[in-house]
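Start from chain B and add chain A according to the hints.
Residue numbers (my numbering), protein chains in the order written: chain B, 1 to 400; chain A, 1001 to 1400.
It is possible that some hints are incorrect.
[Claimed, not checked] To list a few chain B residues with every Cβ distance to chain A over 12 angstroms, as calculated: (1) M1; (2) G77; (3) L113; (4) N284; (5) E323; (6) A350.
[Stated by the list, open to error] Each computed SDA-like pair below joins lysine to any residue, with the alpha-carbon atoms no more than 25 angstroms apart: (7) B:K248 <-> A:A1031; (8) A:K1314 <-> B:L113; (9) A:K1181 <-> A:T1011; (10) A:K1225 <-> A:P1271; (11) A:K1232 <-> A:M1396; (12) B:K235 <-> A:G1238; (13) B:K115 <-> A:D1045; (14) A:K1314 <-> B:N138; (15) B:K249 <-> B:E365; (16) B:K329 <-> A:E1185; (17) B:K29 <-> A:K1248; (18) A:K1176 <-> A:T1162; (19) B:K115 <-> A:A1031; (20) A:K1248 <-> A:K1176; (21) A:K1314 <-> B:I320; (22) A:K1106 <-> A:Q1211; (23) B:K106 <-> A:K1029; (24) A:K1029 <-> B:K376; (25) B:K232 <-> B:K340; (26) A:K1298 <-> A:D1045; (27) B:K314 <-> A:D1033; (28) B:K29 <-> A:G1287; (29) B:K3 <-> A:F1321; (30) A:K1029 <-> B:G48; (31) A:K1235 <-> A:I1320; (32) A:K1029 <-> B:G210; (33) B:K115 <-> B:S14; (34) B:K29 <-> A:M1117; (35) B:K29 <-> B:Y59; (36) A:K1186 <-> A:G1238.
Derived from the structure by calculation, the hints contain no laboratory data.
Here a beta-carbon is modelled for each residue, glycine too, at the ideal position from N, C-alpha and C.
2 protein chains.
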Amino acid sequence: MIKIAIMGYGTVGSGVVEVLETNRESIAKRAGDSIGVKYVLDLRDFEGDPIQDKVVHDYQIIVNDPEVKAVVETMGGVEPAYTFVKAMLLAGKHVATSNKALVAEKGAELIALAKEMNVNFLFEASVGGGIPIIRPLNSCLTADEIEEITGILNGTTNYMLTQMAANGSEFDDVLKDAQAKGYAEKDPSADIEGYDACRKIAILTSLVCGQQVDFTDIHTEGITKISATDIKYAKAMGRAIKLLASSKKNGDGYVAMVAPYMIDATHPLYPVNGVFNAIFVHGNVLGDSMFYGSGAGKLPTASAVVADIVDIAKHLNRNIFVEWSGEKKELLDYRKSVNKYFVRTTASEAEVAAVFSDVTYVTAEGVQGETGFVTKEMTEEEYAECASKLGVVLSMIRVA
Amino acid sequence: MIKIAIMGYGTVGSGVVEVLETNRESIAKRAGDSIGVKYVLDLRDFEGDPIQDKVVHDYQIIVNDPEVKAVVETMGGVEPAYTFVKAMLLAGKHVATSNKALVAEKGAELIALAKEMNVNFLFEASVGGGIPIIRPLNSCLTADEIEEITGILNGTTNYMLTQMAANGSEFDDVLKDAQAKGYAEKDPSADIEGYDACRKIAILTSLVCGQQVDFTDIHTEGITKISATDIKYAKAMGRAIKLLASSKKNGDGYVAMVAPYMIDATHPLYPVNGVFNAIFVHGNVLGDSMFYGSGAGKLPTASAVVADIVDIAKHLNRNIFVEWSGEKKELLDYRKSVNKYFVRTTASEAEVAAVFSDVTYVTAEGVQGETGFVTKEMTEEEYAECASKLGVVLSMIRVA
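So that you can see chain B by itself, here it is in the shape it has in the complex:
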């Protein structure tokens, strides 16, 4: 039996215990050995829970137990997760994590440390929940230059945008509904401001270019400014509004960005609704591909963590190569990237035409007293300059 420890017995951590229990036999068959949980590290005691006897409050107990071969980290946040994970790797233990904040900030360092210690640091669950995307990038799409990776990487905001489109409701009402249903946190900013998606696209971009991409370098816009009126225009244009996190190759560089986009019905991400996530990948020889599934949730995320544990069991004495060095990759300036922009303004068509050339005007049912239009392709900075000349912009959403 391979003994493991779980750090953080919240939603995902308890899901890992449940998945290991539910599929005990098939997991043992695939791992080549049974997997047993020896410790659960948490601040709480979980009296009455079957794992009660395994609960410890001091991570050093796990560090110092040579019987523990692998550790699951499902605490979230950079600290103390970073300190604990580093100690585990230094003690020669493998680590599987679902923690995007940790991976985005410390991924390169922990990957290097795992390699040095001849163990593995795996993080399939950190992006896209249960959707296999980290391992496909590392071991499936290896014949390709990845030219674009664009994802719906946050289930909360996708649920909210889907609800707004279905019911014509306003942002604030949908947020309250999402909070009531447990899809959004009490403090929803990590989701609705795009910070969560930003860390995830930083991880994917780091893997694609093999170097450290700092999430703080990624231009990030959330969905807080999206209104029921924007949705009306999107419908009139046969489009859906989605929060996309994307990374595009340009020569040797990458432009990464998180922002709402209007996408049309032929886009592979168009039908991705509700809490589902999906990641579109374009390779220079593969062409278009997409990976779709449950981007969050207890069991789907735990499924990805346990798959990492199975992989660890198959590589107990062998480091799986992950191309992600600590050398920082400077991103290209997003202001030089080209888009079309949907704009709503209080300016008249004549005023619009005086500033923007070649626009397409758009009307939406029941919307009056404003002008809606889509620009031709132009850079972000060209758009910004025109927009400042135009005056009042009610909203701007990129069109892809």
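Same frame as chain B, but now just chain A:
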């Protein structure tokens, strides 16, 4: 440099050479060494082609060259591919193949032989072309019991059905168009009769259950009976007709089938159009997931073959475990499986009602002189019995 040989310099084989050339640097980085083609085995000489000097006509030259570490098989068909591949494995060479016929029939044996020789037999390209699905099943979805795997696994038929839906055209006209565009073979039966999809779902089912599933045991219906009238009904019902290859778990058994289905707009496979393929996978803890991309074509398929070569390069002295034993898995009788059925008949509604209970009648614009209806859920054999009582059935398509 890792020296390889390519057996069969057709579409995929020449694509492999092109991909290795196009992405030479990044492939070498990921493989840990550069990849060089030493031989190309083909009956033809390819005078004037850059690979001309590498062409050999006798596979024994490759067998007997210890410098060749890995062999790509892109010949297609069971023989002589089987004889050649077996000889390569016995000579201690790794093999990557795109050949679904070979894998469906001889997969278990060649996997066992590769294990015995401590080399690898990889076949990512045999299902879904460039879409990663074999490796995800083997190494990503390992925490799950896969309860359903349903795919659009044949690009030719999906292209034809998409064209029929877009233009209202009849089967024969669309087939001619697909042949003119090179999407369908001169003898199109492997595609349109569902034989191609059948071999692919046999491979996927074998991987899911870890035992040999014989493709000859899988009930297979093609798309040759689909008419423009059927498409009209599908549209009236808000559905699309897709050729689905599916495998569903029931207790310890599996029901596998290939047949056209009417699926509704909420089905993850509904938006999969044209030559694209997609594979829907439902795991007991993961829930729904889907893998989408180019299911055929020179470069996408070659991308998957080259990814196998990269994996081989990373496992030159180590067999990657694949759970697919030679022990035959008997499939459950498909006639016991439950479906709803869309039926067109010359019988009247009264005659229909006398045989089937609880049907929903359907009408389609411009269709007269017949009765269209959807049955309640019933087994295949119950349906067959009712249908024989009913008399003339113009068409039957399952509804999912």
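Margin query: So if I understand the rule, the pair passes when the alpha-carbon distance is 25 angstroms or less; does A:K1106 with A:Q1211 pass?
Written below: Holds: A:K1106 and A:Q1211 sit about 12 angstroms apart, inside 25 angstroms.
Check: Does the alpha-carbon distance linking B:K248 and A:A1031 stay inside the 25 angstroms limit?
Finding: 24 angstroms, holds
Notebook entry, point to check: Taking only the CA atoms, is the gap from B:K106 to A:K1029 under or equal to 25 angstroms?
Noted result: Cα-Cα ~23 angstroms, so holds.
Check: Does the alpha-carbon distance linking A:K1029 and B:G210 stay inside the 25 angstroms limit?
Finding: 10 angstroms, holds
Next item on the list: Hey, is B:L113 genuinely clear of chain A, shortest beta carbon separation above 12 angstroms?
Entry: 20 angstroms, holds
Note to self: Tell me if the straight-line CA distance from A:K1176 to A:T1162 falls inside 25 angstroms.
What the structure shows: Status holds; Cα separation ~14 angstroms.
Checklist line | 25 angstroms Cα cutoff - pair B:K29, A:G1287 | finding: The given pair, whose Cα atoms are some 21 angstroms apart, holds under the 25 angstroms limit.
Notebook entry, point to check: Can the restraint linking B:K314 and A:D1033 be considered satisfied, given a maximum Cα separation of 25 angstroms?
Noted result: With a Cα-Cα distance of about 24 angstroms, the restraint between B:K314 and A:D1033 holds, given a limit of 25 angstroms.
Note to self: Is the claim that B:G77 lies outside the interface with chain A correct, judged by CB distances over 12 angstroms?
What the structure shows: The assertion about B:G77 holds, with a minimum of 24 angstroms to chain A.
Item checked: Hinted pair A:K1314 and B:N138, Cα distance within 25 angstroms -> OK: A:K1314 and B:N138 at ~12 angstroms, within 25 angstroms.
Check: Given the hinted pair B:K29 and A:K1248, is their alpha-carbon gap at most 25 angstroms?
Finding: 21 angstroms, holds
Check: Are B:K232 and B:K340 close enough, with their CA atoms no more than 25 angstroms apart?
Finding: 18 angstroms, holds
The structure shown violates the earlier hints numbered 4, 5, 13, 15, 16, 20, 24, 30, 31, 33, 35, 36.
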